[in-house]
Amino acid sequence: DARVTQTPRHKVTEMGQEVTMRCQPILGHNTVFWYRQTMMQGLELLAYFRNRAPLDDSGMPKDRFSAEMPDATLATLKIQPSEPRDSAVYFCASGLETGTSYEQYFGPGTRLTVT
Amino acid sequence: KNQVEQSPQSLIILEGKNCTLQCNYTVSPFSNLRWYKQDTGRGPVSLTIMTFSENTKSNGRYTATLDADTKQSSLHITASQLSDSASYICVVSARTTYSGTYKYIFGTGTRLKVLA
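So the sequence lines, in the order shown, correspond to chains A and B.
Counting along the first sequence from 1, when you hit position 74 you're at 177 in my numbering, and nothing is skipped either side.
Counting along the second sequence from 1, when you hit position 13 you're at 22 in my numbering, and nothing is skipped either side.
The following block holds chain A by itself, in its conformation from the complex (with noise of 0.2 Å):
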């Protein structure tokens, strides 16, 4: 039963600290997307990779956020440094882009709490 597997599930940390969150795609997908879920704003795109190549990166605060493929079983989101609004649930998906409309498969999520 293959999944889009994240880690760590929980961070806490402090502000100012760096924070890297993993993602390993399902197998054989070619897209790679970060979200991030808060109550106030709900799910947003943060950025997404085609064939490891990022394709849109407009919904990531730029100073402070940065994601990369390293391969094709790693997806990494890097926040540095964190602030306290950026506590939120960040969420990896994955999919096989053979068109306009296929599936993306979520991961657990990393639960991150900045104080």
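Quick caveat, the hints were computed from the structure, so don't treat them as lab data.
Among the clues, some could well be false.
[Said to hold, decoys possible] Short, incomplete list of chain A residues facing chain B, as computed with Cβ under 8 Å: (1) Gly-145; (2) Leu-146; (3) Glu-147; (4) Leu-148; (5) Leu-158; (6) Asp-159; (7) Phe-194; (8) Ser-204; (9) Glu-206; (10) Gln-207; (11) Phe-209; (12) Gly-210; (13) Pro-211; (14) Gly-212.
[Claimed, not checked] Now the in silico label distances, taken between C-beta atoms and shown as ranges: (15) B:Lys-112 / A:Thr-123: 25 to 31 Å; (16) A:Ser-161 / B:Ile-21: 34 to 40 Å; (17) B:Ser-37 / A:Val-115: 37 to 43 Å; (18) A:Glu-206 / B:Lys-112: 14 to 20 Å; (19) B:Lys-122 / A:Asn-133: 34 to 40 Å; (20) A:Arg-188 / B:Thr-65: 40 to 46 Å.
[Claimed, not checked] Over the 12 Å line for every Cβ pair with chain A, so calculated as not near, a few chain B residues: (21) Lys-10; (22) Ile-22; (23) Gly-25; (24) Asn-27; (25) Asn-33; (26) Thr-65; (27) Ser-67; (28) Thr-72; (29) Thr-74; (30) Ala-77; (31) Asp-78; (32) Thr-79; (33) Gln-81; (34) Gln-90; (35) Ser-92; (36) Leu-124.
Here the structure is a predicted model, which is why all the values come from computation and not from measurement.
Idealized CB from N, CA, C, for every residue including glycine.
Chain B: place on chain A using the hints.
Then chain B, alone, in the frame of chain A:
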């Protein structure tokens, strides 16, 4: 401005009853509309995906409809079960002006509670 609005914000129904959730959008150019179910503490799970030419799509007890003219979609749940208690999120994607990329616009969701 691209927007997706869902109603109601929350809904409580008795087990076995039917319900309908609404999604209105102002997204252009429209590519597809998705409905997700999100259980508390978990990632969203896709229920249906519909393109411009599709009016209805079913997934078990879930039936989604799409009216591209009025830019409205609904998700109908038949014979609700306790396990249907979750948030239901409507997402509309739009193709951007630069080729090969899409914008994903999310609704804030409807929180459904099914009572025994």
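Hint by hint, here is what the structure shows:
{"no.": "1", "hint": "Gly-145", "verdict": "holds (4 Å)"}
{"no.": "2", "hint": "Leu-146", "verdict": "holds (4 Å)"}
{"no.": "3", "hint": "Glu-147", "verdict": "holds (7 Å)"}
{"no.": "4", "hint": "Leu-148", "verdict": "holds (5 Å)"}
{"no.": "5", "hint": "Leu-158", "verdict": "holds (5 Å)"}
{"no.": "6", "hint": "Asp-159", "verdict": "holds (5 Å)"}
{"no.": "7", "hint": "Phe-194", "verdict": "holds (5 Å)"}
{"no.": "8", "hint": "Ser-204", "verdict": "holds (5 Å)"}
{"no.": "9", "hint": "Glu-206", "verdict": "holds (5 Å)"}
{"no.": "10", "hint": "Gln-207", "verdict": "holds (7 Å)"}
{"no.": "11", "hint": "Phe-209", "verdict": "holds (3 Å)"}
{"no.": "12", "hint": "Gly-210", "verdict": "holds (6 Å)"}
{"no.": "13", "hint": "Pro-211", "verdict": "holds (6 Å)"}
{"no.": "14", "hint": "Gly-212", "verdict": "holds (6 Å)"}
{"no.": "15", "hint": "B:Lys-112 / A:Thr-123: 25 to 31 Å", "verdict": "holds (27 Å)"}
{"no.": "16", "hint": "A:Ser-161 / B:Ile-21: 34 to 40 Å", "verdict": "holds (37 Å)"}
{"no.": "17", "hint": "B:Ser-37 / A:Val-115: 37 to 43 Å", "verdict": "holds (41 Å)"}
{"no.": "18", "hint": "A:Glu-206 / B:Lys-112: 14 to 20 Å", "verdict": "holds (18 Å)"}
{"no.": "19", "hint": "B:Lys-122 / A:Asn-133: 34 to 40 Å", "verdict": "holds (38 Å)"}
{"no.": "20", "hint": "A:Arg-188 / B:Thr-65: 40 to 46 Å", "verdict": "holds (41 Å)"}
{"no.": "21", "hint": "Lys-10", "verdict": "holds (15 Å)"}
{"no.": "22", "hint": "Ile-22", "verdict": "holds (22 Å)"}
{"no.": "23", "hint": "Gly-25", "verdict": "holds (29 Å)"}
{"no.": "24", "hint": "Asn-27", "verdict": "holds (26 Å)"}
{"no.": "25", "hint": "Asn-33", "verdict": "holds (16 Å)"}
{"no.": "26", "hint": "Thr-65", "verdict": "holds (15 Å)"}
{"no.": "27", "hint": "Ser-67", "verdict": "holds (16 Å)"}
{"no.": "28", "hint": "Thr-72", "verdict": "holds (17 Å)"}
{"no.": "29", "hint": "Thr-74", "verdict": "holds (16 Å)"}
{"no.": "30", "hint": "Ala-77", "verdict": "holds (14 Å)"}
{"no.": "31", "hint": "Asp-78", "verdict": "holds (20 Å)"}
{"no.": "32", "hint": "Thr-79", "verdict": "holds (21 Å)"}
{"no.": "33", "hint": "Gln-81", "verdict": "holds (19 Å)"}
{"no.": "34", "hint": "Gln-90", "verdict": "holds (22 Å)"}
{"no.": "35", "hint": "Ser-92", "verdict": "holds (18 Å)"}
{"no.": "36", "hint": "Leu-124", "verdict": "holds (23 Å)"}
Every hint, counting from the list given before, is met by this structure.
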